[in-house]
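Asks: One letter stands for each residue in the lines below.
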Amino acid sequence: MGVEGPRVRIERCVSRGLSRVTAQALGPYQTAIVRIGFGAAWLLFLLREWPHRQELYGPDSPWSWGLARQLIDTNDAFTVLMWSSSDSWFQLVYLVAVAAAAAVLVGWHTRAATVLFMVGVLSLQNRSVFMGDGGDNIIHLMAMYLVFTRCAQVWSLDARRAKRADGDGGADGDGSGDGSGPVRTVGGTGGVVLWAVFGAVLLGSTVAGGFSLGWALFYWAMWAVHGLWWAVNRAAVRGGAAVREMRDVCDILANLAHNGVLLVIMIEVCLVYSTAGWFKIQGTRWQDGTAVYYPMNLDYFTPWPELSHLLAGNGLMIFLVTYGTVATQVAFPFTLLNRRAKNVLLTFMILEHLSIAVLLGLPFFSLAMIAADAVFLPTVFLVWLGRRTTALGGRARRLMPGGGPRSPEPAPEQPAEAPKVPASGPAWRS
Amino acid sequence: MEPAAHQAPGGEGMRGIAALSLPARIFVAISVAVVTVGIAFHVAMVFLQTAPDNTISKRHGELVDSYVYPEFERNWKLFAPNPLQQNVAVHARATVAKPDGDTETTGWINLTAMDGEAIHGNPAPSHTQQNELRRAWEFYVDNHDEKGKPLGLRGRLSEQYIKRIVMLRFGPELNGGSVERIQVRSVITPVAPPEWSDERADVKPRYAVQPWWQVTSADLPGGGK
Numbered sequence: 002m003g004v005e006g007p008r009v010r011i012e013r014c015v016s017r018g019l020s021r022v023t024a025q026a027l028g029p030y031q032t033a034i035v036r037i038g039f040g041a042a043w044l045l046f047l048l049r050e051w052p053h054r055q056e057l058y059g060p061d062s063p064w065s066w067g068l069a070r071q072l073i074d075t076n077d078a079f080t081v082l083m084w085s086s087s088d089s090w091f092q093l094v095y096l097v098a099v100a101a102a103a104a105v106l107v108g109w110h111t112r113a114a115t116v117l118f119m120v121g122v123l124s125l126q127n128r129s130v131f132m133g134d135g136g137d138n139i140i141h142l143m144a145m146y147l148v149f150t151r152c153a154q155v156w157s158l159d160a161r162r163a164k165r166a167d168g169d170g171g172a173d174g175d176g177s178g179d180g181s182g183p184v185r186t187v188g189g190t191g192g193v194v195l196w197a198v199f200g201a202v203l204l205g206s207t208v209a210g211g212f213s214l215g216w217a218l219f220y221w222a223m224w225a226v227h228g229l230w231w232a233v234n235r236a237a238v239r240g241g242a243a244v245r246e247m248r249d250v251c252d253i254l255a256n257l258a259h260n261g262v263l264l265v266i267m268i269e270v271c272l273v274y275s276t277a278g279w280f281k282i283q284g285t286r287w288q289d290g291t292a293v294y295y296p297m298n299l300d301y302f303t304p305w306p307e308l309s310h311l312l313a314g315n316g317l318m319i320f321l322v323t324y325g326t327v328a329t330q331v332a333f334p335f336t337l338l339n340r341r342a343k344n345v346l347l348t349f350m351i352l353e354h355l356s357i358a359v360l361l362g363l364p365f366f367s368l369a370m371i372a373a374d375a376v377f378l379p380t381v382f383l384v385w386l387g388r389r390t391t392a393l394g395g396r397a398r399r400l401m402p403g404g405g406p407r408s409p410e411p412a413p414e415q416p417a418e419a420p421k422v423p424a425s426g427p428a429w430r431s
Numbered sequence: 015m016e017p018a019a020h021q022a023p024g025g026e027g028m029r030g031i032a033a034l035s036l037p038a039r040i041f042v043a044i045s046v047a048v049v050t051v052g053i054a055f056h057v058a059m060v061f062l063q064t065a066p067d068n069t070i071s072k073r074h075g076e077l078v079d080s081y082v083y084p085e086f087e088r089n090w091k092l093f094a095p096n097p098l099q100q101n102v103a104v105h106a107r108a109t110v111a112k113p114d115g116d117t118e119t120t121g122w123i124n125l126t127a128m129d130g131e132a133i134h135g136n137p138a139p140s141h142t143q144q145n146e147l148r149r150a151w152e153f154y155v156d157n158h159d160e161k162g163k164p165l166g167l168r169g170r171l172s173e174q175y176i177k178r179i180v181m182l183r184f185g186p187e188l189n190g191g192s193v194e195r196i197q198v199r200s201v202i203t204p205v206a207p208p209e210w211s212d213e214r215a216d217v218k219p220r221y222a223v224q225p226w227w228q229v230t231s232a233d234l235p236g237g238g239k
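Protein sequence lines correspond, in order, to chains A and B. To convert a position in the first sequence, counted from 1, into our numbering, add 1. To convert a position in the second sequence, counted from 1, into our numbering, add 14.
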């Protein structure tokens with residue numbers, strides 16, 4: 002050992018880390034819950050705004066197509082709604098955004114769906130930037146990050162399809178477009194059709210000059226990568242060692258991108274809280290313990306004035322919530338070093354967002370924030386939640402008329418036994 | 015997130031880097047480096063955009079802005095450093111031309127109060143009620159000087175936006191006449207300090223009246239393209 006000691010240890014550490022981030026797409030349950038959360042938040046928002054969609058994003062919104070055109074000329078934000086000022090184009094885009102959100106929620110051809118989801122989110126939000134709030138902002142960011150993740154490894158139609166294909170012998174099945182699993186064909190007929198349709202749409206929009214150079218490169222790269230992954234998987238079923246190795250390298254790259262972006266998502270959530278906390282510490286109202294009193298008296302954020310005034314009337318309560326909020330937000334990133342402390346704070350923040358949803362009338366903002374927080378939920382809890390949901394679903398199905406004692410659906414992706422989480426270890430991994 | 019959980023979603027196919035050939039290993043190594051640098055850069059940019067102005071963000075402001083805007087921007091400051099401590103209401107009135115040739119000036123109509131009514135008792139208020147007028151007015155105020163003169167393109171855009179919001183809510187006909195000109199004003203009412211504190215503050219509303227604006231067909235619903 003001697004001089005070699007620390008070097009060897011560092012080398013071993015690096016190689017262990019390297020094999021972790023290349024061999025697996027980490028956090029399958031966490032990324033799945035983030036996917037489901039943001040898919041649901043955006044889907045519910047779009048459905049809720051259905052009667053108001055024209056006023057928000059339509060060509061004749063008060064923030065009219067012409068006004069949006071002039072602003073977007075100065076900042077180059079991406080939105081397909083600027084391609085045409087016709088009403089039918091707007092309606093189509095809105096419907097596609099709804100469909101993409103639903104597809105992301107259930108994990109149907111997820112890799113393609115997340116791209117379309119991002120197009121929908123960016124197009125609508127960038128079309129009318131002044132209609133949004135903090136909730137829209139976090140959905141905007143996460144929509145872009147989700148594109149790079151393998152977020153359908155569990156709790157998705159893709160995962161179910163992959164599992165069934167494995168059950169059939171695997172080789173020629175209708176495998177998951179997302180699976181980091183064994184060699185198999187990817188996406189099946191549906192995937193090929195989707196890919197062809199996307200290719201045609203991309204070609205049309207590129208020729209028509211719909212994309213800036215950067216966005217054109219991005220979408221074409223995405224499209225090429227999806228095609229390559231399908232082809233490589235197909236070839237690897239019967240191919241030689243070289244093809245199999247190529248397939249493995251692709252798999253490694255996908256894991257790498259997933260893990261990198263998962264880290265970015267976690268850092269982004271920490272930044273949201275820590276910067277919010279740091280700014281608050283500088284505010285006199287957060288210092289004198291009255292800050293929370295004021296939103297309770299703002300006309301735009303008091304759907305239940307009686308309830309808000311009840312809370313606002315209690316000085317001790319306001320003080321505790323005010324100080325508690327700042328303490329939680331500033332402390333959150335550091336509690337990630339300790340599993341138990343992290344989970345306590347996470348619970349606290351989720352509860353706070355639930356009360357914001359009701360008290361301030363911001364349900365979609367709160368849902369989006371909770372979906373972002375969910376990236377830090379422990380695997381044991383998520384697995385338990387998944388099992389409860391499946392059980393409830395099964396019971397509901399039996400209660401439905403004609404449900405009968407049908408053979409139950411294969412439970413979506415659960416390990417045979419509850420995984421044992423090591424008592425210690427970095428909290429952010431759990 | 016222990017190995018067992020990973021194995022479930024499909025782990026058998028993983029062979030790891032150790033089993034790869036040398037060229038493949040070099041390729042993966044380069045990719046790891048690229049991804050690492052990319053993430054570090056991205057996080058640095060996003061951090062500098064959200065953090066308060068500091069030595070580094072001042073020096074590299076242009077780079078940060080060109081990377082972060084428009085898609086990676088993060089901007090919500092509703093409650094920091096201090097929460098909003100005043101209710102901002104937007105009122106509007108109009109002069110209307112009657113069929114008999116007379117013109118008449120209407121009373122002030124509180125548009126914000128209409129939003130408030132829609133939000134009251136509503137578990138999921140629409141963005142049209144909660145954000146539209148509120149954020150349009152912020153946009154307007156940010157891009158006008160104290161005398162109500164527009165500052166640059168954004169100033170002009172915000173003015174037409176406000177006009178279009180007002181006309182959407184008024185409609186082309188008001189009090190039996192067609193709307194010719196409109197005027198808006200803001201009424202800022204500070205939230206009274208809590209009863210349980212010994213703080214006293216002036217809660218008299220402050221008015222800021224904007225100039226009269228001629229209404230054109232571009233300001234009416236249907237004239238937006």
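Hints are computed from structural coordinates only; laboratory data are not their basis. Being a predicted model, the structure only gives us computed values, none of them experimental. Note that CB positions come from ideal geometry on N, CA and C, so glycine has one too. Be aware that a few hints might be false.
[As the list claims (entries may be wrong)] Simulated coverage check for chain A against chain B, where a stretch passes if three residues somewhere in it have a Cβ under 8 Å from a Cβ of chain B:
hint, segment
1, 16–29
2, 76–85
3, 216–224
4, 284–297
5, 331–341
[Claimed, not checked] Some chain B residues judged to face chain A by a derived CB distance under 7 Å, without partners named:
hint, residue
6, Ala47
7, Val48
8, Val49
9, Thr64
10, Asn68
11, Thr203
12, Pro204
Asks: With reference to the structure, classify each hint as holding or not holding.
Replies: Hint by hint, here is what the structure shows:
no.: 1; hint: 16–29; in the structure: holds (count 9)
no.: 2; hint: 76–85; in the structure: holds (count 4)
no.: 3; hint: 216–224; in the structure: violated (count 0)
no.: 4; hint: 284–297; in the structure: holds (count 10)
no.: 5; hint: 331–341; in the structure: violated (count 0)
no.: 6; hint: Ala47; in the structure: violated, 11 Å
no.: 7; hint: Val48; in the structure: violated, 9 Å
no.: 8; hint: Val49; in the structure: holds, 5 Å
no.: 9; hint: Thr64; in the structure: holds, 5 Å
no.: 10; hint: Asn68; in the structure: violated, 12 Å
no.: 11; hint: Thr203; in the structure: violated, 9 Å
no.: 12; hint: Pro204; in the structure: violated, 10 Å
Hints 3, 5, 6, 7, 10, 11 and 12 from the earlier list are contradicted by this structure; the remaining hints agree with it.
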